[in-house]
Amino acid sequence: MMSALMEQRPTAMQRAAHGDADSFALVLDPLLNPAYRLAAVMLSDRMAAEDAVQEAAVKAWRNLGQLRGDETSLRAWFLSIVANECRMARRRRWWSVVKLAEVESDRERGGLTQEASTDLRRAISKLSLDERLPLVLYFYLDLPLDEVARTLRVSPAAAKSRIYRAARRLRSDLTLEEVT
Amino acid sequence: MTRDSFRRDINREFDAISGSPSPALSARVRSALAEGRPARPGPVWMAGVAAAVIALIIVSVLVASNINRHQTGIVPGTIPSPSPATSPVVSATPSGSPSPVASPTSPAGAYICNSSAVGDTNAPLSAFVNAVRTGTHTGYDQVTIQFSNGQPSDVKIEPQSSATFTESPKGTPVTLAGQAGILITITGADGHTQYTGPTDFKTNYSELKELRQVQDFEGMVQWALGLSHSGCYAYTFLTNPTRLVIYIQQ
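Sequence lines, in order, name chains U and P. If you're matching positions, the first sequence starts at 1492 in the working numbering and goes up one per residue. If you're matching positions, the second sequence starts at 365 in the working numbering and goes up one per residue.
For the record, the hints were derived by calculation from the structure and aren't laboratory data. You may find that some hints are simply not true.
Stated by the list, open to error - Chain U is nowhere near these chain P residues, computed Cβ spacing over 12 Å in every case:
hint, residue
1, Asn-486
2, Gly-535
3, Gly-542
4, Gln-558
Stated by the list, open to error - Taking beta-carbon pairs under 10 Å as the criterion, some of the chain U residues facing chain P (in silico):
hint, residue
5, Ala-1548
6, Trp-1568
7, Arg-1612
8, Glu-1622
9, Tyr-1629
10, Pro-1635
11, Leu-1636
All values reported here derive from a predicted model rather than from experimental measurement. Every residue, glycine too, gets a C-beta built ideally from N, C-alpha and C.
For reference, chain P alone in the conformation it holds in the complex (with noise of 0.2 Å):
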């Protein structure tokens, strides 16, 4: 037994219990570090008790206090932001039919399954998209729209039963990967004056498999979320940097 065969053949071992990262662990380094969250600990039995408890506590509060949405400032367990968060007059506006209210188990807290808007009044003329994001966690795929100068004026968050969006102006049908969708419109923003990144995102991760932009027209952003099933979300603005956190149930 030579030094040089020992080496090989602890390597060939090693090679075949790690295989090799999902082309996905570096984007999902980059979100975790833009969020300064680390990842959650996979569904263990005894963890997956222990969430269904408090979820149920959480909806039993949420149903008799009559609260369907809220606003954060900060996710728990972030690095605390160097300077307060200003907090603008904002409307959570659910509308739509109710829906049932999945485990609240989001960073925003519970999700929501059907469509919401968010507003704010001290909003600038134009809020400036600079940085888009995906990451994939234990429960809950990720998409993080940034903002330079602050939170725009209205979003929109609409669920739908299909992959296929219109892309703005043109008026053409597209269809993104996977079998329902979500549609974001942003209002009062500009999407292509300081972002430069990608417009399609090809994540595929279990329940985010496409993140599409499908207008940057005349004030009016929108991203369009293909998903692998119609699923919930749920969103919060955080700030320092401003930015839009969508996080859709897996």
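Bound-form chain U, shown alone (with noise of 0.2 Å):
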């Protein structure tokens, strides 16, 4: 068990899996970023993605035993807990609706005119938390196809039909092709 990781972080892994909770933050400090990112997207709530996310480093913890593989199974099996913690959050707080106004406060228009934008940000407000992840997996936090089937759990021939399902319901023109 998780004998590869050990050898790519010897140190600090081995710790952890010794129960060093202090090697354990450290090893998963570089995930917290884009455990945030998803956790953010996938509640829309900033505050309640820290939340999510602290509550996924310690079930994490609580279940280091569980992992399997190598040093990239880290991130997969992290990502796919918060993932899971998401749908708990939104299951516990009765989310029904995207808070939008936070989303308007403080984005970035760029090159991309503002009813192209409320148009792209409405559809991403109606997309279900399971449609949004593969999306945030995939475009945002840019992991490579097998990656994100880890995450989901399923192979990449299904992964690959999600990503781009989710797609086509934000833009309906894109083919298979331009999406993956």
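Since each chain sits alone in its own frame, please combine them into the complex, following the hints.
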């Protein structure tokens, strides 16, 4: 278990595997930013996103023994815990409305026209949590397809299909080749 | 529509939604991992009502039984310690005039708003501080002072109405961030032999604004807390490792 991982991160991971919380925090630290961005987009609430990441980190720590594979498995494994935590948080808090006000407050429109941006934003807000997830993983966090698949716990073909279906809900004229 | 432009557009939207994590996130996660305790869900109106009802019941019980403080060996929800917690003779001695007991929602029980002290008759000659951490959670901010060789002989926790403290042994006044403060005085302790971390944490949490060591001299260690306003707190000693955890009510 975790043998390959320990070869790459011998000190911190070994200490973490033996119950050293500080070492686990060290290993997890580079994953906090992508985890936060995933949670923030899924929940549309920055404070709740940080809560979800913290909760996920503690759950990951408690279940570290279940981790299998190499270092890339750690990222996919942790992000899948974050995604689960977002689902639970959303159920717990009865989230039914996306908080567009917060989205509006500090967005940077860049080259996108305001109208097009508003349309895209509105389309994103209509996506379900499970539709947002593959888009965030693939486009926003820039994970390779096989890692997206591992995070979603599906095959690469199924992951590709989910990305395409969700993307088509944002831009109906997209082709599969353009998306993936 | 090319793949790149689609990616650019959607990422711009995602960026607008997520922003950046707060600088405190890493410390917050580290603290939660050290405590082994998950974050509490944020307040919602139903949870608030439930908490108020529970608070009312607990306050009634506390008042009826004339109990202000207690010491716990473990915080509910933590990973159980691998070995049984030692149970030294401990006296919690709240002092000063009675003050209102705030909502008892800290992991250590009811918040208290006046001074308190705790002692351990089995304390080592000098308890060595080997870690100091801060964290913020829904409902409270947290300070953890960890000892390598057991609980110190005496700890006093004294709230005050300003954030100005005296740095010892120099005797110079030092003003921390915030409008009020709490002074933690640990007698029979050493804060420099094993502890090499920062002695000034500018946390800027909602309640705990700054944590600074103001004395480490002749067996007495003092940490001062700068708070956004006069707040109540709760505390407990946890074991494996031994640590004093102070919860500052937000």
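**OP:** Please flag the earlier hints that this structure goes against, numbers listed from lowest up.
**Re:** 6, 8, 10 and 11
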